[in-house]
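Following the hints, complete the assembly by docking chains B and C onto the known chain A.
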Amino acid sequence: MSIDFTTVIDYVGTFAFAISGIRLASAKRFDWFGAYVVGAATAIGGGTIRDIMLGYSPFWMYQPSYLVVTGLALLFVICFGRYVIRLNNTFFIFDAIGLGLFTVVGIEKSLDASFPMWVAIIMGMVTGAVGGVIRDIFINEVPLIFRKDIYALACIVGGFLYYLCETVGTGHIATQLITAASVILCRLVAVKYHISLPVLKGNEDCQQQ
Amino acid sequence: MSIDFTTVIDYVGTFAFAISGIRLASAKRFDWFGAYVVGAATAIGGGTIRDIMLGYSPFWMYQPSYLVVTGLALLFVICFGRYVIRLNNTFFIFDAIGLGLFTVVGIEKSLDASFPMWVAIIMGMVTGAVGGVIRDIFINEVPLIFRKDIYALACIVGGFLYYLCETVGTGHIATQLITAASVILCRLVAVKYHISLPVLKGNEDCQQQ
Amino acid sequence: MSIDFTTVIDYVGTFAFAISGIRLASAKRFDWFGAYVVGAATAIGGGTIRDIMLGYSPFWMYQPSYLVVTGLALLFVICFGRYVIRLNNTFFIFDAIGLGLFTVVGIEKSLDASFPMWVAIIMGMVTGAVGGVIRDIFINEVPLIFRKDIYALACIVGGFLYYLCETVGTGHIATQLITAASVILCRLVAVKYHISLPVLKGNEDCQQQ
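Chains as they are written, first to last, in this note's numbering: chain A, 1 to 209; chain B, 210 to 418; chain C, 419 to 627.
It should be emphasised that the hints constitute simulated quantities derived from the structure, not laboratory data. Virtual Cβ for every residue (Gly too), placed ideally from N, Cα, C. Treat the hints with caution; some may be incorrect.
What the hints assert, rightly or not - Partner residues aside, some chain A positions facing chain B, computed with beta carbon under 8 Å:
1) I52
2) L54
3) L153
4) V199
5) K201
Isolated chain A, as found in the complex (with noise of 0.2 Å):
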């Protein structure tokens, strides 16, 4: 495993998605094995869905390393747990940081394998946004991205302009720093600015059926 710059950002990601986890968990009362699980599930989850779909055994499988970071953020919580509330803004952007790595790694690999590019664009929004969905379903809530902010929108973003990119030949490091930047931009002007997309009106009285 070489340490190079993608690595780091890609166990940063995983760290504050492992957190985002935790922290939901602990608000639940889980134990110390229902957060790392719930952890790992946020962490991870996006790119297992993504790697089966594809066709592969998924990536932590090959890798203990994204286990021993979830792993680092469960501890992290533990020692840590009343001063992380304070450090919401930090994780927020670590969280957009990873999500626009994400991003990006879950494009390429369904490049790789020989997926056309609409279906890299979902794979990418996949890894980036479904491991969230996952968490909320582990503790019994509606998912999240289903009713507020931009997030899962923004990987498709990212996903457009990664195909943009290498429609007009940029280089490829360049097409990655775009695609990323892009999907952490979308993120952070929808947030500051409360940009969400509308909700869908007209059934109130509906029921399951």
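Structure of chains B and C alone, referenced to chain A:
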């Protein structure tokens, strides 16, 4: 892509299933993105789980039209939301037709993958009924098909008739039609005459353990 | 299918796991079909997720007996529902035995698929514990194993002992027995003496974000 009769029915079913998910999402005040995801999960979730169990990548990754149809369903609800409620019966028919066709598709794909008939019957049911289960998990409700109506069981009935037809040697088209028709009929009869399976009793004070 | 001792234990575990799911389903007033699905998910859900992650089709698609045993469990609850509650302790023992055996099965299938020991230990836990998580998601409750008791951790302990036995070179049968016994023992001791993992504290006012 040849636009034959089966393809048309397939899209009608996908549209009806997607509408069912999007309507429930709107009742939970999901935003447009959340509504789209719940619609897509309802429409293609069953086939996705089937394909993964059979060892394939999900079918919609090879054919963008299913996601396009889901997008049209979302557009339809956004534009005509207030009228959609009045169309309950229309959508119920579409949903039943979709269920019948999805069952046939699931059975045949499983047989093509060399699984025995009993697996194919289960996969017919998975294709038809699991999308609704994922939908209900996403909107944080107990899956409806576990408590009410003959739904998944209609797929099982259709599966047995498929087996019977193959055994007595009706033609392939006839087998498909009889299977789909029997599923649709089961649904119509069950809903019209309020036929349900018995509720399991006797453990009311049982708790999670 | 040879009916040897392992097979018998396997079916006993499947039966006990299925009963656990069916009982909870009955408390939620599921119908017979819903109860069957929740029972099956509890019994074979863990192995299904394990097989998909390892790159196989789920084991029960090659061997109908698991679904038959689940059917017998449903029949048992339908016929003897009122007595099932009194058999709590019996089912607890069966469940623990099943957990021990499922752990061994999960470990060995992962090693056969050429994954390293740490993945096998995780897959032993997945095989034993994930069925209960799916069960709790289906009945719309927070998964019990995230909050209470030593359960998944017992599988991990068993996994480490498997590794230890393999390293020191005990025979294969001895390794299996020690692993299963340690899982069962952990469960019995944890429940008898109310041993739990600590609850994660410090973020009570944390919300979904």
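Each hint tested on the structure:
1. This hint holds: I52 (chain A) has a C-beta 6 Å from the nearest C-beta of chain B, less than the 8 Å allowed.
2. The criterion of a C-beta within 8 Å of any C-beta in chain B is met by L54 (chain A), whose closest approach is roughly 6 Å, and the hint holds.
3. At about 6 Å, the closest approach between the beta carbon of L153 (chain A) and any beta carbon in chain B falls short of 8 Å, and the interface hint on this residue holds.
4. Taking 8 Å as the C-beta contact cut-off toward chain B, the hint placing V199 (chain A) at the interface holds, the least distance being around 5 Å.
5. For the restraint placing K201 (chain A) at the interface with chain B, the shortest Cβ-Cβ distance is roughly 6 Å, inside the 8 Å limit, so the hint holds.
Violated hints for the displayed structure: none, as all numbered hints are satisfied.
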